[in-house]
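Asks: Under this note's numbering, the residues of the sequence shown are numbered 141 to 184, in order.
Ranges between beta-carbon positions, derived for each pair: (1) Val160 / Lys181: 28 to 36 Å; (2) Ser147 / Val171: 30 to 38 Å; (3) Gly161 / Arg184: 30 to 38 Å; (4) Gly157 / Gln182: 33 to 41 Å; (5) Gln152 / Ile173: 24 to 32 Å; (6) Val165 / Met143: 21 to 29 Å.
Derived from the structure by calculation, the hints contain no laboratory data.
We put the beta carbon where it would ideally sit given N, CA and C, even for glycine.
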Amino acid sequence: MMMAIVSAIVAQPVFVGHFVGFCMVLSRRIVGITLFFARYKQCR
Numbered sequence: 141m142m143m144a145i146v147s148a149i150v151a152q153p154v155f156v157g158h159f160v161g162f163c164m165v166l167s168r169r170i171v172g173i174t175l176f177f178a179r180y181k182q183c184r
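Please take these sequences and the hints and turn them into a complete structure.
Replies: Okay, structure coming up:
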């Protein structure tokens with residue numbers, strides 16, 4: 141557990157970069173799901 145915290149502090153810039161990328165992917169996926177559901181409801 142302690143090593144994870146230390147490595148997280150050391151790799152903070154990398155983690156921030158990964159976190160931003162993850163958020164971008166997640167938001168894109170949420171938008172895609174929302175558009176899919178909107179289209180699905182329109183088709184019904």
